[in-house]
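*Asks:* Could you build all of it, start to finish, from the sequences and the hints given here?
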Amino acid sequence: MNTALLQRELVTLLRQRRMVLMQCALAIGFALLVIIRWPTEPRISLSGSRAQEVFRLLSYGLLAALLLLLPVFPATSIVRERNSGTLALLLNTPLGPIRIFFGKLLAVLGVAGLILALSLPAAAACFAMSGASWKHSQVYLMLALTALQYASLGLLISTYATSADGAVRWTYGFVLLSSVLVLGPYQFLHGLGGNLAEGANWLRCASPFAALMSLLGAGDVAGGGMVDRTNVAARFVIISFALSLVYSLWAISRLNHSIFDLSRDAGRISDEQNLWVRLLRRFVFVVDPQRRSRPIGPLVNPVMVKEFRCRRFGRLHWLLRLVAVCALLSLGLTYAAVTGTVNWGVETIGGIMVLMQVALLVLFTPALAAGLISTERESGGWPLLQMTPMSPLRIVWGKLLSVILTLLLVLCATLPGYLVMIYIDPGMRFQVQRVVTCLLATAGFAMMLSAAIGSLFRRTAAATAAAYAALLLVCGAPLLIWLGRDAPFGHDTVERALVINPVAAALSVIRLPGFRDYDLIPGNWWFLGISSAVCLVVLLVQTHRISRPQ
Amino acid sequence: MSKENRVVVIEQLTKRYGTFTALDGLSLTIEAGQILGMIGPNGAGKTTCIKILVGLARPTGGTAQIGGADCVRDSRRIKHLVGYMPDRFGSYDNMRVHEYLDFFGAAFGISRPVRRQRIEEVMETTGTTYMRDKFVETLSHGMQQRVGIARTLLHNPQVLILDEPANGLDPQARIEMRDLLIRLARGGKTLIVTSHILPELSRICDQVAILTHGKLRALGTVDQISRMVSQERTIEVQFSNREQLARGAEIARSHLDPASEVVQVPAEGVVRFRTARPEAQLADLLAGLIQGGVKVSQFRELQTDLEEAFMSFANLGSGKSPPGAPAISLSATEKVVMQGSKR
Chain U
1 MNTALLQREL VTLLRQRRMV LMQCALAIGF ALLVIIRWPT EPRISLSGSR
51 AQEVFRLLSY GLLAALLLLL PVFPATSIVR ERNSGTLALL LNTPLGPIRI
101 FFGKLLAVLG VAGLILALSL PAAAACFAMS GASWKHSQVY LMLALTALQY
151 ASLGLLISTY ATSADGAVRW TYGFVLLSSV LVLGPYQFLH GLGGNLAEGA
201 NWLRCASPFA ALMSLLGAGD VAGGGMVDRT NVAARFVIIS FALSLVYSLW
251 AISRLNHSIF DLSRDAGRIS DEQNLWVRLL RRFVFVVDPQ RRSRPIGPLV
301 NPVMVKEFRC RRFGRLHWLL RLVAVCALLS LGLTYAAVTG TVNWGVETIG
351 GIMVLMQVAL LVLFTPALAA GLISTERESG GWPLLQMTPM SPLRIVWGKL
401 LSVILTLLLV LCATLPGYLV MIYIDPGMRF QVQRVVTCLL ATAGFAMMLS
451 AAIGSLFRRT AAATAAAYAA LLLVCGAPLL IWLGRDAPFG HDTVERALVI
501 NPVAAALSVI RLPGFRDYDL IPGNWWFLGI SSAVCLVVLL VQTHRISRPQ
Chain P
1001 MSKENRVVVI EQLTKRYGTF TALDGLSLTI EAGQILGMIG PNGAGKTTCI
1051 KILVGLARPT GGTAQIGGAD CVRDSRRIKH LVGYMPDRFG SYDNMRVHEY
1101 LDFFGAAFGI SRPVRRQRIE EVMETTGTTY MRDKFVETLS HGMQQRVGIA
1151 RTLLHNPQVL ILDEPANGLD PQARIEMRDL LIRLARGGKT LIVTSHILPE
1201 LSRICDQVAI LTHGKLRALG TVDQISRMVS QERTIEVQFS NREQLARGAE
1251 IARSHLDPAS EVVQVPAEGV VRFRTARPEA QLADLLAGLI QGGVKVSQFR
1301 ELQTDLEEAF MSFANLGSGK SPPGAPAISL SATEKVVMQG SKR
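Residue numbers (our numbering), protein chains in the order written: chain U, 1 to 550; chain P, 1001 to 1343.
For the record, the hints were derived by calculation from the structure and aren't laboratory data.
Warning: the hint list may mix true and false statements.
To be verified - A few chain P residues facing chain U, derived, Cβ under 8 Å: (1) L1028; (2) V1054; (3) A1057; (4) G1061; (5) D1074; (6) R1076; (7) K1079; (8) S1091; (9) M1095; (10) E1099; (11) F1103; (12) A1107.
Said to hold, decoys possible - A few chain U positions that, by computed beta-carbon distances, are all more than 12 Å from chain P: (13) A242; (14) N301; (15) M387; (16) V541.
Glycine included, each C-beta is placed from N, C-alpha and C at the ideal position.
*Replies:* What follows is the structure in structure tokens.
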């Protein structure tokens, strides 16, 4: 192992200001956790139940910290080096791809180790108060394995990405997919038996949340109270280790000349091709991406059009595909509801649709909205926009409009599914109306939160990572408390936590089992509305600030 | 310089960041259709000056006007009067060249039919028509610079302000850029160009402003500035018969100061010397050479080297005056009057 490379990577990471902030925030958070839950009375329970609760929260907090904070480092590691030209220098040295990869991987694991080490004093306090035993050291091993898996995943994605913010988007997307969304199928298929249910069972074991809950003895995540004898932790170790190995070997195989060998069509245009080719392309694409685009119309905001055009998937043919997939999925699920209402029920199908839509919103919105301002600042486009007669307000509105239209398209695509649901069960009309309102509020909130947080950064990668972290925190953290809804958290605590969560609000409205007992509306709408307004103010103030002459 | 013809008027322009003075009492004027080359080392205040002119920075003191519009108070008018190309291109992903130009045309509120025509015109002017369907980010640096200039021309501004347009260009692209800038000036545009590539500037600029440490050290044509650095000129005499080289050098020495160094270059068949003698005495020297039976094929003053002048002023600004370089006061440089055009 080349220690020089490891040192350089680690020192570069540790020198960053955000790293100092992150360490301070974590240290304060863990200290507060112990202070808040520490016994204040002279008599304490010898069973250590309170310390156990602290240790559980500590473990969930650590896992959330790893999932939210860690992926950005490996995701940007290789792509940034490639774009700055230093990767070519590294590959020209005798180091070789294996040592380069492991130098980077160990540096990221060093950061993960630092995060875990910060929690050791709090864990030791729990140990002293009988809240944790040596058996619980497995939690740390599991967390280390999680860090290994996501670090190698981030590095692999980084070898494919062409920009740092793109790498961050894809990495967080995969993290969300492999830690939260894999729990979805098990929620609906467990107990049914058969290969499909067994597949869903294995799938949920890939989630570190499932493994952690299993280790902490907090019940079976998404199990709905049914006893399951699956050794989730053991399966997680197998899956996580295998995935880490695959990701690592794959990434190492990418670390050669081929990583620079990216040819790109400089701009073929179909207007100059013969009629048959043009007709064929029109038939295949509906909207031909290689057709020469028309000038921007007089009634549209030019910035909005620009945003659509310069997004990789912002072109109309991609949007049409996205809408078509969403429409087909929602109709497919509704068809399942029609043919299998005995097993699942309309509420369950509605729950799946809501989950899918929220997942889409959480995945897409930061990617669309976080870089609205930071991309311009990073690419040098902001001074050019400033030199046009457009006001900062019009620029921001054009940018927001491009996100609003995309999100509306995605949401509208699933409306046919809801309409069929109302047709099946007219009594659900009111619920569906409220769900759609919830989804609109969620979309607005996710957009404003991402845009406001993103506007505070100069670099798109940092903006995207921060927006994902904030949104996942709002959407994910209350669900962690919901997972412990019987113990250690009571009904009121869970309800208070869920009231800020747009996912839970939508699921409670559709009366999905597990959420129907919580009354989250209109509290959630108030929270989303006020937060969105605050974010809008932040965005406008920040835009005004960077638009002022120096 | 007639007042009506002045397009850019800068008076006592000052910009301070805390205790640091980025620009210190800069005053200059530029006439319509001229090219001003702004040179200076990094941190000299060139970009600060440009940013104030285009409204991206506010001056601490002084005024700047373009086409009669104040750069601070009339910032909206300035946007229509000025085409600004920063040192960074400002590329957008997945956009073709014509889409890129179309966006900026729409941002300037140019109507669709006019915009379509303007895009064709500016692409024709900048020689970018053939790349209209190419993706902007796949273009070479030289091509991007051309597209950048096309963008600045879209709204037909009176003044073009180009920050380091020749930076990073290969020799061919640099020559093409130079020709393009000359064409634009001939078309009536006023240009302010910053560059580190001094030979390029010396070939195209009507006047050159040398800035160091935020102060204007010299302003005038390249020749005028060179004279400020040194009163001596370099004269080169070429002989048709190389065997007469020694004889020619001897006659030259007899007409010059004893301290003057006369250099013979047998390989080129020339004699070079530096002198502060006036034109009339140089005419006597030429007459002496011809009367002495030496066949002179050329008798010329060598083109002044802007790099040399720049280095003298750069050293002056840093307090390291080169030996022999006279101290030049700012007031003296401000009195320089623009004469003639090189084009």
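*Asks:* Does each hint hold? Answer for all of them.
*Replies:* Cross-check of the supplied hints:
no., hint, in the structure
1, L1028, "21 Å, violated"
2, V1054, "6 Å, holds"
3, A1057, "4 Å, holds"
4, G1061, "15 Å, violated"
5, D1074, "12 Å, violated"
6, R1076, "6 Å, holds"
7, K1079, "5 Å, holds"
8, S1091, "6 Å, holds"
9, M1095, "5 Å, holds"
10, E1099, "6 Å, holds"
11, F1103, "5 Å, holds"
12, A1107, "4 Å, holds"
13, A242, "36 Å, holds"
14, N301, "9 Å, violated"
15, M387, "5 Å, violated"
16, V541, "19 Å, holds"
The earlier numbered hints that this structure contradicts are 1, 4, 5, 14, 15.
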